[in-house]
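J.: Listed below, chain by chain, are the residues.
Number of protein chains: 4
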Amino acid sequence: MFFASDNSGPAHPKVMDAMMRANEGFRFGYGADPEMDRVRAMVRDLFEAPEAAVYLVSTGTAANSIALATLTEPWQTVFCTKLSHINEDECNAPEFYSGAKLTLVADENAKMTPTTLRATMSAEETRGVHGPQRGPVSITQVTEKGTVYTVAELKALTAVAKEFGVATHLDGARFANAIVTLDCTPAEMTWKAGIDCVCFGGTKNGLMGVEAVVFFDPKHAWEFELRRKRGAHLASKHRYLSAQMEAYLDGNLWHELASMANASGQRLADGLRKSNVVTFPFEPEANMMFFEAPRGLHKKVQAAGAQYYVMGSLDGDEDEPVLGRLVCDWSVGFNGVDAFLAALKD
Amino acid sequence: MFFASDNSGPAHPKVMDAMMRANEGFRFGYGADPEMDRVRAMVRDLFEAPEAAVYLVSTGTAANSIALATLTEPWQTVFCTKLSHINEDECNAPEFYSGAKLTLVADENAKMTPTTLRATMSAEETRGVHGPQRGPVSITQVTEKGTVYTVAELKALTAVAKEFGVATHLDGARFANAIVTLDCTPAEMTWKAGIDCVCFGGTKNGLMGVEAVVFFDPKHAWEFELRRKRGAHLASKHRYLSAQMEAYLDGNLWHELASMANASGQRLADGLRKSNVVTFPFEPEANMMFFEAPRGLHKKVQAAGAQYYVMGSLDGDEDEPVLGRLVCDWSVGFNGVDAFLAALKD
Amino acid sequence: MFFASDNSGPAHPKVMDAMMRANEGFRFGYGADPEMDRVRAMVRDLFEAPEAAVYLVSTGTAANSIALATLTEPWQTVFCTKLSHINEDECNAPEFYSGAKLTLVADENAKMTPTTLRATMSAEETRGVHGPQRGPVSITQVTEKGTVYTVAELKALTAVAKEFGVATHLDGARFANAIVTLDCTPAEMTWKAGIDCVCFGGTKNGLMGVEAVVFFDPKHAWEFELRRKRGAHLASKHRYLSAQMEAYLDGNLWHELASMANASGQRLADGLRKSNVVTFPFEPEANMMFFEAPRGLHKKVQAAGAQYYVMGSLDGDEDEPVLGRLVCDWSVGFNGVDAFLAALKD
Amino acid sequence: MFFASDNSGPAHPKVMDAMMRANEGFRFGYGADPEMDRVRAMVRDLFEAPEAAVYLVSTGTAANSIALATLTEPWQTVFCTKLSHINEDECNAPEFYSGAKLTLVADENAKMTPTTLRATMSAEETRGVHGPQRGPVSITQVTEKGTVYTVAELKALTAVAKEFGVATHLDGARFANAIVTLDCTPAEMTWKAGIDCVCFGGTKNGLMGVEAVVFFDPKHAWEFELRRKRGAHLASKHRYLSAQMEAYLDGNLWHELASMANASGQRLADGLRKSNVVTFPFEPEANMMFFEAPRGLHKKVQAAGAQYYVMGSLDGDEDEPVLGRLVCDWSVGFNGVDAFLAALKD
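Chains as they are written, first to last, in UniProt numbering: chain D, 1 to 346; chain Z, 1 to 346; chain L, 1 to 346; chain G, 1 to 346.
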């Protein structure tokens, strides 16, 4: 009953197998491994983007920060929601890497809308040289509240970005979960919807720690490489990143694992809904959900062994509603979900 | 016959076993794994430093850059040799993380000396607020040319640093190899010799990609944590870093692997010396050596399958001396060395 | 009829006289001029702060950015309103100098309130190492909309900052105008109200281009000096900055000029109010005001020679309300004001 | 007898007159003053560069740092001599603005040579992504030791830069003095010699504090403007910078003042040479010189009222040679020089 995060569970056995295979013999370092050649080809195939620049880094914050720095000048501002990981959870890494700042766009159901985005980008009149200049739009998919942009919504947002002549970045730490929800292709959710750069996450979906950064226009390739190295994110024994990603792509393991996580998430959401004791401030659309429940209920479930984050103290009025967050990874399984729901009922 | 780098070979099987064990079940992320608790205790024991702050990152450049940034103000300069990794091989990462600059100290046998260090630090009169202010001294052990500072030499250098009231940093990407050469303890080669912060390398010595940063004064702990996160180097699934390091420390595997690498290195150096066809611009004291040999010889050995870096082109006068670099990792073994020496003779 | 900005008018003749006097003979550079010794003493007297650290720079953005960088760590966030100059008008300079980010606090009448500040600082839970850490609070006095914090309001805000253990910075580009409005002493509006650092503006109040940065705790002195130099803001011929500031302080010229500017501002506001054709979205409390008037009116007044900024186009429906901004400097005078009001009536 | 620096003397009366004239009436700020329009045209005329981008800042460090940042990527290195102002006297400002590092080129007579430059740029093999990439070459004219590059020497250096495909920057804090020495035109000493960007100094040659930055290719214009603003170096009351520079250009005052300074410098050098008691480590070619003389002599001259910098203590053996630096500005005059020489003889 571990629902604290989708970075809490184990890597998938196929990933471990790939690591073992990759551990044989010698390789040239720093991305010159044959595993990376295969990964590059596979990512290009997956995204139907034969010229895309493809790189690996070991953390999601690195993927976002270095990708954004490549798309942003230090006198610009990046448009994102207040809830976005780059704003709330990366301890100024995006600002550190880019030298730029972030401008917050109002969200509805944790998603920016064409209206709020256009309003913010318009209001951000640059006053000539005085204000920060408009930089890229960064969209988080799945959002940090568990909701998912439709492809049409993404297209509408990238259209606004194009009105202002700026690039779009997709923080896809939970990219796979969104694909499963939307039942669309990676190309449809990215470049066909106007996205210029995507961070294709693996860490939260069964890898040990690998994210792919994909630029659909390869002109960004060399700058990204230099920024990655300067950020100390170029792995010398790069094969161990490549091997994880290769296993992830092979046979669409990424899709299979996200399907498992989402199925658990939906089963959990359904169970909670039927319980009639919780409310969802945001509609759970993938593998993560926030739910409000009486403090006493949280205490009971946690006493039964459920592990997850509660926003606030467990000390206090038992009836007062308190917010909790549940995240299902690929490994938690229906057993885990059902155990949680049983503890809820008892 | 792969001598290109000690980041080219496989990780040790015990490391892979530890990864498999660590892959079971759930863990809280970001360093809150029980593996890390054990690693912290083991590193403190190893260094006889019960209060040391201990952190893990996945690249040597990250270890150096974040450690130095923690010790340096952005208006200071770091003293190091021209040959140091932080100067030549990190694409401005130390400057990026610290905001500071590097001032180069002349080297002899690839090592700075108390005389050259004091001369440079004195010459770097700061002219009040005009010049960069004096910052930490960074020493590379094993040097980038394969030589090793004695403990007495380290003590003499840290004494100079103390004259100027600045901290000392040890880039120990090949820390273990130096320990084997000097046959001393980690404490003797670090804090007992006046070192304030050490990057204790694992990646070049049989791990997949982990370096420990150790501050002997724990006052630096919180700043390092924030700088690591802001640099996007805090691993969410941290257990996979911890597990590698735990295997490395367990039963002193780190020492065993470095002993193997150094033994190969010394066997290789002896063989080259006896061949009478090569010269060493620097005395090979650990597992890495530079050697000058006629171009024709390089071509012959490489044709026989030896892989290593040659500084310059293999096209040209067969008799002209050309510099090559050979690095032995733990796995290359006496067979590999002997095959190389045989190819040389044929 | 020039109301575009209080940086549009001439410097006061006494300032020019002081420049002429300062131009005689030789001086050591970089702040070692005797004029600066006198300035330091006069600023300390003015603020009743005998130990304050006092420095001069030539732009308000430099004063704010270097002062904030001295008070902020690169992993922190600065709390300010959306309207603040540091957020909207400094093209990322505060972020550049500090490495930090800004978090926006909701404003009422262009001022943050203890309630909005506390709410934002509380919500900005740092999640351990993940979110930006709380940094200083920056307050703009006079606000960018022409309103003025009372001393009680300042005290209430600095009390919130102290709850969270962070410093407070006062952007006093229009410090003198606020003093005139509040009829209080510089000490009462700064350290006695809990302010740690103030940028005491001169450029908008009759100087050519000088701002004093005052830290009430001198522990910040040396760091500020180094950051100023590193930012390229240490003037070699510093006497020309000192001379301006000395003239400004001598006989309280600063207060006299701000009194003139505010008197013009209040006369202008009164006239506009009586005209019954404009509305004030913010109460004009010093020398600057925003007013909404029909587009036709703006066109008429501007055709009559009035120069000021209009927020939007002058093309369009004549009756539609459009926002304008009027700023009175010391030199515009009652004649200028009356000419404007006459143009309005005609 | 004030020879401490050419930033120690007064501004020329014509400059003060121009300031007084500029102080009348209202101007739009931030470079939109008509004075700047005239300055731009005059600089373009002077440099025979009708499309050049021309900007003003108030310090030489700002001019160098922002100009270099515009020409440099943060993963590059700037080539300069150890003695250059950007390396020794700007407290990391060039690194702060550019994010890059500096690589030092050996000097002869305080000047880099095509041989030393090519050697350093070649040695700085970038190792793919590992080392810093090659960035611009920065040349100081007059050098920090008072020597002057000939036009042929500049051409030879820029030819090397072009071999490597990088831009060239001229730190012309004493540009005018070099022009006088070489008796050539500004165009001949800059773009006709292959220079891409020049900092045309005024502060050390009779202005209060203004430097012009000139890019011969206007493509850099907008980036420079944004970097200047982000660096807090855009003056709001910009007319006071423009007015100084206009006076400087008007009637070639800049040339007249440098001619006076150089004439004093040469008279002083001749007198010292004839005295037979001093030696010049560098040939004095403009208005600045370093000289070695017995400590007793320094003491005697300083006791007579001469003010200048001595490199080391005046306490000690009277006969020991000690280095001193003398700089003549436009105002020191032959009387000042002769008084110094008389004090030397007595």
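Rather than coming from a laboratory, the hints here were simulated on the basis of the structure.
Errors might be hidden in some of the hints.
Note that identical chains are pooled: a pair holds if it fits in a single copy or bridges any two copies.
[Unchecked claim] DSSO-like, lysine-lysine: derived pairs with alpha carbons at most 27 Å apart: (1) Lys345 to Lys82; (2) Lys162 to Lys219; (3) Lys162 to Lys82.
J.: Now, for every hint given, state plainly whether the structure supports it.
T.: Hints, one by one, checked against the model:
1. Lys345 to Lys82: neither (35 Å within a copy, 47 Å between copies)
2. Lys162 to Lys219: both (18 Å within a copy, 24 Å between copies)
3. Lys162 to Lys82: Both: 22 Å inside a chain and 25 Å across chains, each within 27 Å.
Hint check: a violation occurs at hint 1 only; the rest are consistent with the structure.
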